[in-house]
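Chains as they are written, first to last, in my numbering: chain A, 494 to 707; chain B, -13 to 228.
Hints listed in this document are in silico derivations from the structure and should not be mistaken for laboratory results.
Please note that a few of the clues may not be correct.
As the list claims (entries may be wrong) - Lysine-lysine pairs mimicking BS3-like chemistry, simulated, CA-CA at most 27 Å apart:
#, chain 1, residue 1, chain 2, residue 2
1, B, K142, B, K101
2, A, K605, A, K665
3, B, K118, B, K90
4, B, K187, B, K142
5, B, K60, A, K573
6, B, K118, A, K605
7, A, K605, B, K90
8, B, K101, B, K118
9, B, K187, A, K605
10, B, K101, B, K60
11, B, K60, B, K90
12, B, K101, B, K90
Unchecked claim - Simulated coverage check for chain A against chain B, where a stretch passes if three residues somewhere in it have a Cβ under 8 Å from a Cβ of chain B:
#, segment
13, 611 to 617
14, 654 to 663
15, 674 to 686
All C-beta atoms in this analysis are idealised placements derived from N, C-alpha and C, irrespective of residue type, glycine included.
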Amino acid sequence: MSVLLDHLPELWQGLLVTLQLTVASFVGAAVLGVLVTAMRVSPVPVLRALGTAYVETFQNLPLLVLLVLVFFGLPEIGIKGPPMATAIVVIAVYQAAYMAEALRSGVNSVSKGQAEAARALGLTFGQSLRLVILPQALRTVVQPLGNLTIQLIMSTALAGAISVVDLTEAAKRVNLQEAQPIAIFVGSGLAYAAIAAAVGYVTGRLERRLVIMR
Amino acid sequence: MIRARGLNKWFGEHHVLRDVDLDVARGEVVVVVGPSGSGKSTLCRCLNRLETVQRGEVVIDGVPAPLEGRELAKLRADVGMVFQSFNLFQHMSVLDNVVLAPVKVRGASRTDAEKSARELLERVGIGAQADKLPAQLSGGQQQRAAIARALAMTPKVMLFDEPTSALDPEMVGEVLDVMTGLAADGMTMVVVTHEMGFARKAADRVVFMADGQIVEQGAPAAFFDSPQTDRARDFLAKVLTH
Ligand SMILES: Nc1ncnc2c1ncn2[C@@H]1O[C@H](COP(=O)(O)OP(=O)(O)OP(=O)(O)O)[C@@H](O)[C@H]1O
Ligand SMILES: [Mg+2]
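Let the hints inform the model, and build the full structure from the sequences given.
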């Protein structure tokens, strides 16, 4: 235990980085996920095809490959970003594919009559989606989105591969010095579990509140 | 007000509308009747382009219905539609249902839109339900809310697709009363319905469809008392014995 206390500053710093990665890439993934969903249900065939291609591409690549490819590959063609920003963008882009898939199943669960009524009132496609369809779709997919968020937290642990010192990377470095893997990784594992539990709690609360409104 | 010419529609191989012509004058109430599957709903939905036709043209108030995009949305704003299954937006209050389109489509201020929404809800007799969610209302109340929602856009025409078919019998009357009131106020209406009493009372003209065609049309008294075609006679014999 004392090894954790001795290295508390580094581990704490790592935890903060993990939280930053999580929040920033969640926001990015949510925004992109909604955009991709809009493309996939749009009346324009080209947009639909692009949306589908997006989801198919990113669901069929390992995140680690994507991270490493972007971080070490893009500088070859002259694009170079700092590790943290790269990790946030790549994780967001990657998770957006899964979010879009969950959101689309939510959209499909909203009855067709809702969209027809919206169109019949003169709302444009974008307005119907934003004001009528998505708010109802979201209610049905709170749970899957919560699970995806937990998955996102866990996948931030890969950012160490591109030299971001998140919680996992900090723990690895501490372990290199101290060689006490059990204490160090059980400790950091508990921190991840606590964040996941917090997300699960919020999801549960949200879901219960929204169910009443349906 | 509505001028539909040579409408033809196929669902796959199935030819559901065959050369349908329909004119509706300003202030006229046209009731569309016919056996199940004859294309009444499809016709109604083609008038505001919820369905597209493969051939033919719809002109609303002198403007040919545009194919898509904002122009089409603008046209739809002027054509109210009431569905069999109400289709109220489930996640917002009855008042917000009525306020949404005037604010978002017409650019009305929230205050003005709310004021006229409350008046409309009073007019259809559900002023007290304004702040409830649709799911908390009875079917008849929901359909009246849906009518108020359509009226809030001050449409030039109102389309009704079997507005009372999903209702318990004791609620049919309250919805038909609202519609009769609208007709009396001079609203231009196209109503698909199986309520022959309403057709007789409120219609200026009855249009009888079978197999995707308009087989016969005329004033309600003439149509109900002395139908000209066998198909219409057959149909009336079936519905009027119930
Ligand atoms: N989306 C669709 N896809 C395929 N076929 C359809 C579709 N909508 C309607 N049809 C078919 O088109 C025909 C006409 O349907 P429509 O709903 O217009 O009939 P209707 O006169 O309104 O009947 P009802 O009185 O039962 O409502 C029917 O044979 C129906 O099966
Ligand atoms: Mg029908």
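Item to check | List of violated hint numbers, smallest to largest | outcome: Failing hints, ascending: 2, 5, 9, 14, 15.
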